[in-house]
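Protein chains: 2
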Amino acid sequence: MLLYPGVTLLDLIGPQSVLAPSCNVHVVWKNTDLLETDSGIVMKATSTLEECPEDLDVLFVPGGEFSIMRDEGVLRFLADRGSRARYVTSVCGGSIVLGAAGLLQGYEATSHWSARDKLALFGATPVAARLVRDRNRITGGGVTAGIDFGLVLLAELLGEDVAKLSQLALEYDPAPPFDAGTPEQAGPEIMGKMQEWLGPMGDVLTPMCAAAAKDMGKYTPVVN
Amino acid sequence: MLLYPGVTLLDLIGPQSVLAPSCNVHVVWKNTDLLETDSGIVMKATSTLEECPEDLDVLFVPGGEFSIMRDEGVLRFLADRGSRARYVTSVCGGSIVLGAAGLLQGYEATSHWSARDKLALFGATPVAARLVRDRNRITGGGVTAGIDFGLVLLAELLGEDVAKLSQLALEYDPAPPFDAGTPEQAGPEIMGKMQEWLGPMGDVLTPMCAAAAKDMGKYTPVVN
Numbered sequence: 000m001l002l003y004p005g006v007t008l009l010d011l012i013g014p015q016s017v018l019a020p021s022c023n024v025h026v027v028w029k030n031t032d033l034l035e036t037d038s039g040i041v042m043k044a045t046s047t048l049e050e051c052p053e054d055l056d057v058l059f060v061p062g063g064e065f066s067i068m069r070d071e072g073v074l075r076f077l078a079d080r081g082s083r084a085r086y087v088t089s090v091c092g093g094s095i096v097l098g099a100a101g102l103l104q105g106y107e108a109t110s111h112w113s114a115r116d117k118l119a120l121f122g123a124t125p126v127a128a129r130l131v132r133d134r135n136r137i138t139g140g141g142v143t144a145g146i147d148f149g150l151v152l153l154a155e156l157l158g159e160d161v162a163k164l165s166q167l168a169l170e171y172d173p174a175p176p177f178d179a180g181t182p183e184q185a186g187p188e189i190m191g192k193m194q195e196w197l198g199p200m201g202d203v204l205t206p207m208c209a210a211a212a213k214d215m216g217k218y219t220p221v222v223n
Numbered sequence: 000m001l002l003y004p005g006v007t008l009l010d011l012i013g014p015q016s017v018l019a020p021s022c023n024v025h026v027v028w029k030n031t032d033l034l035e036t037d038s039g040i041v042m043k044a045t046s047t048l049e050e051c052p053e054d055l056d057v058l059f060v061p062g063g064e065f066s067i068m069r070d071e072g073v074l075r076f077l078a079d080r081g082s083r084a085r086y087v088t089s090v091c092g093g094s095i096v097l098g099a100a101g102l103l104q105g106y107e108a109t110s111h112w113s114a115r116d117k118l119a120l121f122g123a124t125p126v127a128a129r130l131v132r133d134r135n136r137i138t139g140g141g142v143t144a145g146i147d148f149g150l151v152l153l154a155e156l157l158g159e160d161v162a163k164l165s166q167l168a169l170e171y172d173p174a175p176p177f178d179a180g181t182p183e184q185a186g187p188e189i190m191g192k193m194q195e196w197l198g199p200m201g202d203v204l205t206p207m208c209a210a211a212a213k214d215m216g217k218y219t220p221v222v223n
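Chains as they are written, first to last, in numbering that gives the first Met the number 0: chain Y, 0 to 223; chain S, 0 to 223.
Treat the hints with care, as some may be off.
Any copy, or any two copies together, can satisfy a pair, since identical chains are not distinguished.
In silico EDC-like links for lysine to aspartate or glutamate, alpha-carbon gap of 20 Å or less [claimed, not checked]: (1) Lys192 with Glu155; (2) Lys43 with Asp32; (3) Lys29 with Glu49; (4) Lys213 with Asp54; (5) Lys192 with Glu159; (6) Lys43 with Asp133.
Worth flagging that the hints you see were computed from the coordinates, not collected in a lab.
Input sequences plus hints: build the corresponding full structure.
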């Protein structure tokens, strides 16, 4: 699981909480210095990119600060580990980073609703779904989709009973007090306020993705 | 929001992620040294118990390592801040800690399904629900209930529109792949495996709570 400055903490902690009790999870970054996540909480990686095992069952990228998609060291790491991992996965904007590493070309994938259409710039087919599986690529939607994603992945890795035990341990019987989890459910009024809140993020993301897509070929070729 | 060694990280990060973009959240512990959470991730508080404002809108306690309920410094802090906070709240086993601080006497409350009945030892009335509100006490069920809890609390503090914006930003349109989030849903076979997995935890928790309940009177009297 990739950690980085400005990561959306819940993108990471959702699936990490599902998987950690029964899997060997490495939370990796360039170093093990303290770094600040999106929510202001300071934490650190459990190991470095260099220490991370060469052959992974799962490569996972959470969303967050999108500039990570222009970090060559990170992209080389992802392209390398992703070329051999059994599963190449993401939650939220993490799929954009996988895309920039050249790992989603020719695959169906999803992302946070606000970024999903940008996947096309990386040769992926965006799908509006909470979870998209295409061969060994499993991508989840925005933030909280990481819990659903984690349970699906755990069932895949260790069987349905282990996933159900995890669901029970996490008492995951969700009961959202409102029906506003997607743009369609939230409706035009809330979406209007959201656009104000996000400001020009959408405008910045498109050229950033376009530039990242141009450099995609620079990284280790993907073989699986 | 109380942080402590062995805290269940998702108990904390769920509501923290809901609230942090629009509220001033303090994540507090005795010091700002690094500490290890239940899932192996190392992080630190944003401020100390001493630095924490005297008068809080919300006091929040997540679950985790239950021995925290025997920590006098923590209990005095909770009893003090809880006596003036507008809302006294918890997710998962955090309600047991509130109970030990004398903050749930005469209130209905909930907790993680595995610990819920222990609330009675602290003079509270356990309720089997994902979220229980009794006057200014708002307690959530196990782990993932923190997201539902966070949205309810945010609506209370800043209105429904802000809560809906948060739900949309977090793309909270949950889709659990299995129906195993409560003991009733999981059924006897999965519950049997869970009992094996938990081992003697239940046996340890009852005497620990009973001892904590005896000492409840030692802390600052609760006035609200």
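The hints, checked one at a time:
no. : hint               : verdict
1   : Lys192 with Glu155 : between (39 Å within a copy, 19 Å between copies)
2   : Lys43 with Asp32   : both (6 Å within a copy, 13 Å between copies)
3   : Lys29 with Glu49   : within (8 Å within a copy, 34 Å between copies)
4   : Lys213 with Asp54  : neither (28 Å within a copy, 53 Å between copies)
5   : Lys192 with Glu159 : between (40 Å within a copy, 13 Å between copies)
6   : Lys43 with Asp133  : neither (32 Å within a copy, 38 Å between copies)
Of the numbered hints listed earlier, those contradicted by the structure are 4, 6.
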